[in-house]
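Visitor: Those protein sequences? They're chains A and B, same order as listed.
Numbering (the working numbering) for the first sequence: 377 to 544.
Numbering (the working numbering) for the second sequence: 35 to 229.
Among the hints, erroneous ones may be present.
[As the list claims (entries may be wrong)] Listed next, the in silico DMTMM-like pairs over lysine to aspartate or glutamate satisfying Cα-Cα at most 20 Å (straight line):
no., chain 1, residue 1, chain 2, residue 2
1, A, Lys517, B, Asp39
2, A, Lys517, A, Asp499
3, A, Lys517, A, Asp501
4, A, Lys517, A, Asp498
5, A, Lys517, A, Glu504
6, A, Lys517, B, Glu37
[What the hints assert, rightly or not] Some chain B residues flagged as far from chain A (calculated, every beta-carbon gap over 12 Å):
no., residue
7, Pro59
8, Ile61
9, Ser63
10, Thr146
11, Ser189
Simulated from the structure, these hints should not be mistaken for laboratory data.
Beta carbons are placed, not taken as given, at the ideal position from N, Cα and C, and that holds for glycine.
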Amino acid sequence: MTTNHDAEFTAWVERTAASLRGTAYLMCGDWHAADDVVQDTLVRVYERWHRIRPEAATSYARRVITTATIDRARRPWRREVSSDVLPERVAVSEGETPFDVVGALAQLPPRQRAVLVLRFFDDLDVNETARLLGITPGTVKSATSRGLESLRVLMRTPVHAGLSEETP
Amino acid sequence: MSENDIRTLMGTAAADAPAREFSTPVIASAAAVRTRRRRAWYGVGALGAAAAVTVVATVSLGLLGNEGTKAPVASAPTSSAPVIDPGGISLPSSLPLGELVGVVDGALPSGTTVAELPVDAAFTPDGAITLPLTSAGGSADLAITASAAGCTATSAALDQATLDAISSAVCTAAAAYPNQPGTVLPGSGSVDPAS
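Looking at chain B on its own, in the form it has when it is part of the complex:
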């Protein structure tokens, strides 16, 4: 079978075509539908892209948010000794450190303020904390305890009236929170950060 035979056979097969008309108006209409459909798909694509970006952003923010809340949670200690949250960055269930500083600052005489806090400033398990004070005359420490038994304030640089005002203000502020500073949270084995 030669190439010409193949040509002839193909021509014969194709010549046996059933009748079929291709109308230009029909083709034009189909082209218009195709164009509209393509544009609609572009629109759907754009909406899909926008939705995808929104979902990704939401998920990313959610993950970041979870990171923010997960990181500070103290894990259960292996020893029986309660763990103190030194940074005081957990959600407060007792008097927060920042509020304590504000309360103390409000009770201090003019010219004396709470100085920059050390990084490990936090209530001890028995509700005690030491704040640094600064004034024109120098620096000093202010020891505060806050517990169910009451509040105390002790400092060599302050008079008794000021210390009474501080302890009273601290007890008033602490009463607004369900737990005393330094309270061990049930089930956590950790000490409430109090701040």
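Isolated chain A (complex conformation):
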């Protein structure tokens, strides 16, 4: 790849990396996994940089991230395993939201989760979300509706509400 292409690619990464990391994080629920996915995605974008238009690169990258995170969720060795030890909770300061949106998203089916992230984090419309996921707009709408309802139910009880009962 030429220096000019590298410069264009670097500029694009600087513009979009934060957004792509956010998308990957909300889909994976884990920053380390998200960064791995984003790194792999950037490598694939770099390989095709001379063939794709810069304005289409972000859409392509989102598609790669979505596919990768859905595939990860389907792999048996990537699924969550039960543990006897509870993870440490992050302290919630005054005014901070006590709702664990990432934890709630993690409980949704992978494709439903992807629809919500693309629509409400990346602000994609129904048609763009459908095109990116390779599903019909009708499926996007139904997945959005069901996903939002599930999210509301899951987040109705704040994640830290149970801690007060455990505290003497």
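Since the structure of chain A is already known, use the hints to place chain B on it.
Guide: Relative to the frame of chain A, chain B by itself:
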């Protein structure tokens, strides 16, 4: 909880990202490794395909070869009567039919040859066989016996000197093989094809 609340919550969660740099040289290096690995896998795939083709071909030829040797093997007869291999296509343990024909042809006078053999031409259990002869004067039969007791040749169309030469040549040829023509092979219940 509204859609805007969901948007805000997602934005807040994603904004809390730990620092991470994505360096273009590192990405370029990873892309090069990926390309090399992919090409290597293509190579492995091509080698694997070639190996698979070789294995399949070998197995197929092996099966064909087995077919070729299995088919002629006579099964054990249900009766006590020995079975003659009429085609004479088993591996020879006694004088093969083709060699017999060659030996006889070599002993026949000029102008007389062994004619086309009938499909059931074979040594009988007592070592006898009849070969058809053809010449300008017509056709005739040549009866040959080959056993441990000796060899004989009989034909109305040949003189005694020729018949003696034929029987002598047949005995010489048969002596090169461990069994006499028509010998019943041990354990097989079948008659050695002698050809």
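Visitor: Indicate, hint by hint, whether the structure satisfies it.
Guide: Consistency of the hints with the structure:
1. With a C-alpha separation of about 19 Å, the suggested pair Lys517(A) and Asp39(B) falls inside the 20 Å cut-off, and the hint holds.
2. Proximity of Lys517(A) to Asp499(A) is assessed by CA-CA distance (about 14 Å); at most 20 Å being required, the pair is judged to hold.
3. Between Lys517(A) and Asp501(A), the direct Cα distance comes to roughly 10 Å. Compliance with the 20 Å bound is thereby established for this hinted pair.
4. Between Lys517(A) and Asp498(A) the alpha-carbon distance is near 16 Å, which keeps this suggested pair within the 20 Å criterion.
5. Between the alpha carbons of Lys517(A) and Glu504(A) the distance comes to roughly 12 Å, so the proposed pair stays at or under 20 Å and holds.
6. Our distance criterion of 20 Å between C-alpha atoms is met by Lys517(A) and Glu37(B), whose separation comes to about 14 Å.
7. Under the 12 Å C-beta cut-off, the non-interface status given to Pro59(B) relative to chain A is violated; the minimum distance is some 8 Å.
8. Once the 12 Å rule is applied to beta carbons, Ile61(B) is inconsistent with being away from chain A; the minimum gap is 5 Å.
9. With a least CB separation of 9 Å from chain A, Ser63(B) falls inside the 12 Å interface cut-off, contrary to its annotation.
10. No beta-carbon of chain A comes within 12 Å of the beta-carbon of Thr146(B); the shortest separation is about 84 Å.
11. No beta-carbon of chain A is positioned within 12 Å of the beta-carbon of Ser189(B); the least distance is around 85 Å.
Hint check: violations occur at hints 7, 8, 9; the rest are consistent with the structure.
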